[in-house]
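Chains A and B are the protein sequences, given in the same order.
Reminder that position 242 of the first sequence reads as 242 in this note's numbering, one-by-one numbering, no gaps.
Reminder that position 406 of the second sequence reads as 728 in this note's numbering, one-by-one numbering, no gaps.
Take these hints with a grain of salt, some might be off.
[Stated by the list, open to error] Far from chain A, by Cβ distances over 12 Å, these chain B residues were calculated:
id : residue
1  : N520
2  : L644
3  : D708
[Claimed, not checked] Simulated coverage check for chain A against chain B, where a stretch passes if three residues somewhere in it have a Cβ under 8 Å from a Cβ of chain B:
id : region
4  : 100 to 109
5  : 191 to 201
[Claimed, not checked] Pairwise CB distance ranges, derived in the manner of DEER restraints:
id : chain 1 : residue 1 : chain 2 : residue 2 : range
6  : B       : Q515      : A       : P246      : 57 to 67 Å
7  : B       : D624      : A       : Q17       : 48 to 58 Å
8  : B       : G577      : A       : R221      : 48 to 58 Å
9  : B       : E550      : A       : P276      : 39 to 49 Å
10 : B       : G598      : A       : R45       : 35 to 45 Å
To be clear, the hints were calculated from the coordinates, so they are not data collected in a lab.
Built from N, CA and C at the ideal position, the CB exists for glycine as well.
Chain by chain, the residues:
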Amino acid sequence: MIPSTMGFAGKPVFARQHLLGIEGLEAAEIEHLLDLADGFVELNRQSEKKLQLLRGRTLINLFFEPSTRTQTSFELAGKRLGADVVNMAVARSSVVKGETLIDTAMTLNAMHPDLLVVRHPDSGAVALLARHVRCAVVNAGDGAHEHPTQALLDALTIRRRKGRIAGLTVAICGDILHSRVARSNILLLRTMGAKVRVVAPPTLLPAAVESLGVEALTDMRRGLEGADVVMMLRLQSERMQGSLVPSIREYFHFFGLTHDKLRAAEPDAMIMHPGPMNRGVEIDGPVADDINRSAILDQVEMGVAVRMAVLDALTRPLRAQG
Amino acid sequence: MSRPVLVLNARLLDPASGLDCRGGLLAVGGRIAELGPQVTGALAPPGTELVDARGLYLIPGLVDLRAGFGEPGAEHKERFESGCLAAVAGGVTSLALLPDTDPPIDDPAMVEFVARRARQAKLAKVHPQAAVTRRLEGRELAELGLLKAAGAVAFTDGFRALADARMMRRALAYASMFDALIVQHPEEPSLAQGGVMNEGPVASRLGLAGIPAAAEVIMVERDLRLLELTGGRLHVAHVSTAAAVAAIRAAKARGLRVTCDTTPHHLLLTEAEVEGYRTFAKVSPPLRSEADREAVIAGLVDGTIDAIASDHCPQDQDSKRLPFAQAAFGVIGLQTLLAASLSLVFAGRIGLVELLRRLTVQPATILGLEAGRLARGAPADLVLLDLDASWTVTEKSLFSLAKNTPFEGRTFRGKVVRTFVDGRTVYSAEDPG
Numbered sequence: 001m002i003p004s005t006m007g008f009a010g011k012p013v014f015a016r017q018h019l020l021g022i023e024g025l026e027a028a029e030i031e032h033l034l035d036l037a038d039g040f041v042e043l044n045r046q047s048e049k050k051l052q053l054l055r056g057r058t059l060i061n062l063f064f065e066p067s068t069r070t071q072t073s074f075e076l077a078g079k080r081l082g083a084d085v086v087n088m089a090v091a092r093s094s095v096v097k098g099e100t101l102i103d104t105a106m107t108l109n110a111m112h113p114d115l116l117v118v119r120h121p122d123s124g125a126v127a128l129l130a131r132h133v134r135c136a137v138v139n140a141g142d143g144a145h146e147h148p149t150q151a152l153l154d155a156l157t158i159r160r161r162k163g164r165i166a167g168l169t170v171a172i173c174g175d176i177l178h179s180r181v182a183r184s185n186i187l188l189l190r191t192m193g194a195k196v197r198v199v200a201p202p203t204l205l206p207a208a209v210e211s212l213g214v215e216a217l218t219d220m221r222r223g224l225e226g227a228d229v230v231m232m233l234r235l236q237s238e239r240m241q242g243s244l245v246p247s248i249r250e251y252f253h254f255f256g257l258t259h260d261k262l263r264a265a266e267p268d269a270m271i272m273h274p275g276p277m278n279r280g281v282e283i284d285g286p287v288a289d290d291i292n293r294s295a296i297l298d299q300v301e302m303g304v305a306v307r308m309a310v311l312d313a314l315t316r317p318l319r320a321q322g
Numbered sequence: 323m324s325r326p327v328l329v330l331n332a333r334l335l336d337p338a339s340g341l342d343c344r345g346g347l348l349a350v351g352g353r354i355a356e357l358g359p360q361v362t363g364a365l366a367p368p369g370t371e372l373v374d375a376r377g378l379y380l381i382p383g384l385v386d387l388r389a390g391f392g393e394p395g396a397e398h399k400e401r402f403e404s405g406c407l408a409a410v411a412g413g414v415t416s417l418a419l420l421p422d423t424d425p426p427i428d429d430p431a432m433v434e435f436v437a438r439r440a441r442q443a444k445l446a447k448v449h450p451q452a453a454v455t456r457r458l459e460g461r462e463l464a465e466l467g468l469l470k471a472a473g474a475v476a477f478t479d480g481f482r483a484l485a486d487a488r489m490m491r492r493a494l495a496y497a498s499m500f501d502a503l504i505v506q507h508p509e510e511p512s513l514a515q516g517g518v519m520n521e522g523p524v525a526s527r528l529g530l531a532g533i534p535a536a537a538e539v540i541m542v543e544r545d546l547r548l549l550e551l552t553g554g555r556l557h558v559a560h561v562s563t564a565a566a567v568a569a570i571r572a573a574k575a576r577g578l579r580v581t582c583d584t585t586p587h588h589l590l591l592t593e594a595e596v597e598g599y600r601t602f603a604k605v606s607p608p609l610r611s612e613a614d615r616e617a618v619i620a621g622l623v624d625g626t627i628d629a630i631a632s633d634h635c636p637q638d639q640d641s642k643r644l645p646f647a648q649a650a651f652g653v654i655g656l657q658t659l660l661a662a663s664l665s666l667v668f669a670g671r672i673g674l675v676e677l678l679r680r681l682t683v684q685p686a687t688i689l690g691l692e693a694g695r696l697a698r699g700a701p702a703d704l705v706l707l708d709l710d711a712s713w714t715v716t717e718k719s720l721f722s723l724a725k726n727t728p729f730e731g732r733t734f735r736g737k738v739v740r741t742f743v744d745g746r747t748v749y750s751a752e753d754p755g
């Protein structure tokens, strides 16, 4: 069954060549992508999942930094829409030979892909690459800048659970400083009318963090007070030991999400995490596994649907040309 | 020796002496023989080249406190020929070259190399600055005395801060024996480590690692304490923050022998230029906030900042067409030094004479050069300047091999029409060479 919002009628709500970030997107565009994704959720739950929307189109997953989850999610999204999907792990090939990002872009461009899904460890790198290719580019995470499909899938997860985004209080907790997930989520949630707080030790907060339009707190309980949504971020292992926080033990004591700290939040607050989780570092195992509170597996499911929606929306002009 | 040259119908402007009059200037044997309203064609010896200035300004050639070329080691980024042509096209007749080449200028033989290459290029006068420490490593003193005797005009580890406090103390103390100038890149390296732009809202939004303004003032204040201890001479390069301007202002009031400069890009641009990950706006020290920029202008106007330097740092495309964090630091600036600085005059921020003082006689005095003034007996290093003509900065209009200017596309008022070095025409806008 083809989702009902699929029809192409009139002026497209989302008319962009690339999805490089949430910055600059309007609420209507975000709503449109979420509506599209909602339809794909139902499709993905059926036994027959394959569509032919992208038949004959080529999607290249270009990952300069390994990520099994995001890459698999995009791969499934592409395949379920009927595209030919090729995965390239560049970290192990061209970069080692000294090829620059722009060389790689121009090389891939010459292969005429229709979609490029790119992850890169440097902020701004995906936009740089997008300037040198003709096809649609999806940012699958650039440095500490943006990860737009993660923010969209988080929004879809919230909207399906809470029925809305506007007016909710969302607490994003953990390594805000290095997190592209946090930046994209802040932009999206604020565009959609939510109130956003960030909760972290000062060493993991960006300078002038309030300029991002959030309230910053260093006390987890106060940060969670009245929160409808609690988003936990992954603390990368190289940042756990000494230079930014003294130890895992101390970090967990003050910022690890436990049922006890969660009592400060709304009774029906939902818990989210972009994965992969560090149990016992930023989140207590029992909280992560609490099926009444944790939306973590929903997020994974929504991820495929949102990415299908993004691939669909970006290729519509192309498909309209035939 | 060049033939005598007589410039007539000029508006002579000399910040050093306060001279501001219509008149002429006669140069004989590469030096200024006569200047003023009384100079007429009758003074010209036989064979004199006559130049009709048509009422344009005749000013002293600019003295740039700090510029880098790519020789030796990175000849594809800038040669002496291209760099010096950019200089004279921008009205710069003397420049102090940075020592961070490969190999660095940390040996008298390298000072000779610079002198030889400058003679070959035969355009601007190039004065080498030498390393404070061997191989610019910050560990052992370079031969400051021998380097100075060979012709080094100042000592700096260039792009690298002298980080070790004891080393800096020794450098200042030892250099004081020769009255040699120590030039610091004021940035506390451990605080700036990993940073690629100014710390603040823009960096936070773009997800780029920031360099806090405090990294500058911490180093400046430390060095001022060491200066007090040693009695040497310190020059603080490219001041970019309000806090550092304030610290230097206070130190000057206490009578310390400290001077400093800033750059046109820190006077005109802010961190907002980095928007869109523009690597041509990646520079060290980073472009700062608007409040910092305003404070730097105020420091320039009140005399805390002694000079404007280009901090010319050529980078090729391969060093800049990269993700922002990976791209090299640096912008070119020799050819735009005067024109960009003049925009402060047209914006009403500073008077023309006061601005030119910070581009000519003041940097010359800091370096101890016989340059930067219109006076009888001084070298005939001159610039004929059309303040009404405009020009647009484009790749094509720039003579540097590298094109990494943050001013691309800008139209500046104030155009160099002709440049003389030792009385010889080294640049003419009609025939740029």
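Notebook entry, point to check: Where does the structure disagree with the numbered hints, that is, which hint numbers, in rising order?
Noted result: 1, 2, 5, 6, 9
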